[in-house]
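Chemist: Spelled out from the first residue to the last, the chains are:
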Amino acid sequence: MLCKNNNIKDMLPAYAADALKEADIERVREHLIACADCAQEAALLRMMANEPVPDPGEAFWAEMPGRVYRAVRQKEKGRPRLNLHELLQRVVLPRWAWAAAAVGIVFAVSWLVMHPSPQETTVPALPGEEYASEDVSHNDPVLRHTSVTLAELTSPELDAVDAWAATELSSLAREAGANAANIFDTDLNEELAELDAHEVDRLSTMLKELDEEG
Amino acid sequence: MDEDLDLITRAAAGERDAFDELVIKYQKPLYSLLYRMVSSHEDAADLLQNAFVKAFKGLGSFERRSSFKTWLYQIAINLAKNVYRDRSRTEYVPIDNVVIRRNPRTLETLIVKENRMLLRQALSGLPEKQRITLLLRIQEDRKFEEIADIMKCSVGTAKANYHHAVQKLKGIMGEKERQQQTTEG
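Residue numbers (the working numbering), protein chains in the order written: chain A, 1 to 214; chain B, 1 to 185.
Only chain A is shown next, with the shape it has when bound in the complex:
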């Protein structure tokens, strides 16, 4: 039968752990003689209280504060925080994106100069010796095989090339702009959180180098 004496039951854990006052010990003992339910509970709690816990030894206890301290310090070193300046450089001035876009535009302009639109390819090829003296592609072995030069184009043809180039350049510019905008959409904290300590160090070094380069 379950005992309802909560005063005694509240004392049983301390009784089982030998942490009860002498007067209370006597009260509990007297109750246990007459109450099988509490006696069983006391035996169970005593078994749990007496469950051996190994003593790791004095060296373990003495070393633990140092182990904890070193681990805390190591964690602090392992995850350096980017300062505001570096963060602004990373977000507001994505130089690599602008550099890539500039290279792309230069390449596109060069390509346009070397490769006219399909409309212009219908113009008959002219002998190489008739290239205009001001043609910058004269000494370029690749451009020697180009079928037309800008100097030979008529005014409407130049207008057509100009319009086509403007379209191509604007799409490239839009693409470069979108790439730059995406950087703002990226959850930077999430990205940085995925970096390990070495990657963060490398990123920090790269940013410093970029900063020094101007």
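Treat each hint with caution, since some may be false.
[Unchecked claim] When the alpha-carbon atoms are kept at most 20 Å apart in a straight line, the in silico PhoX-like pairs for lysine-lysine are as follows:
id: 1; chain 1: A; residue 1: Lys-77; chain 2: B; residue 2: Lys-54
id: 2; chain 1: B; residue 1: Lys-170; chain 2: B; residue 2: Lys-159
id: 3; chain 1: A; residue 1: Lys-4; chain 2: B; residue 2: Lys-168
id: 4; chain 1: B; residue 1: Lys-159; chain 2: A; residue 2: Lys-4
Hints are computed from structural coordinates only; laboratory data are not their basis.
Here the structure of chain A is known, so what remains is to put chain B in place on it, guided by the hints.
Modeler: Positioned in the frame of chain A, the structure of chain B alone reads:
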């Protein structure tokens, strides 16, 4: 008022002595609880270190609504829960193969060991909250108010969890006792 307030403030400011004092103050009782939860020195030692590290790393965000001790125990118990869940797949070696082979002294010793192993198995079968509540109550005779703080529940829930845990264990151990008496009879 948290009795550790001064130590916490100094430790948060990077004072090594305060830091060490907090570890020394709580490492033994916390290790004892962790060992009872995971039954392994290696795991308990790692958990002890990790709990302190996590607590110290979070000192800046510790709002001091509860005591440092309660907060530290919450952290340790949450870490231990994960280890315990991982280790819940632990296979118990049949008692006859272990006890008799390792310590074939007396029948009494065997019964004590068998009962302890049975108790561990019964404990591991309890719902997590009941098991941890029981361990907290047994260790250091914690009051239900403190257990409720650590377990983030009401005092009534803490009492109910303890009561259910004790009743289940009593049922299991009582059944075992009856079996032993039947065998001896």
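Chemist: Could you run down the list of hints and mark each one as holding or not?
Modeler: Do the hints match the structure? See the list:
no.	hint	result
1	A/Lys-77 / B/Lys-54	holds, 15 Å
2	B/Lys-170 / B/Lys-159	holds, 16 Å
3	A/Lys-4 / B/Lys-168	holds, 17 Å
4	B/Lys-159 / A/Lys-4	holds, 14 Å
The structure fails none of the hints (numbered hints given earlier).
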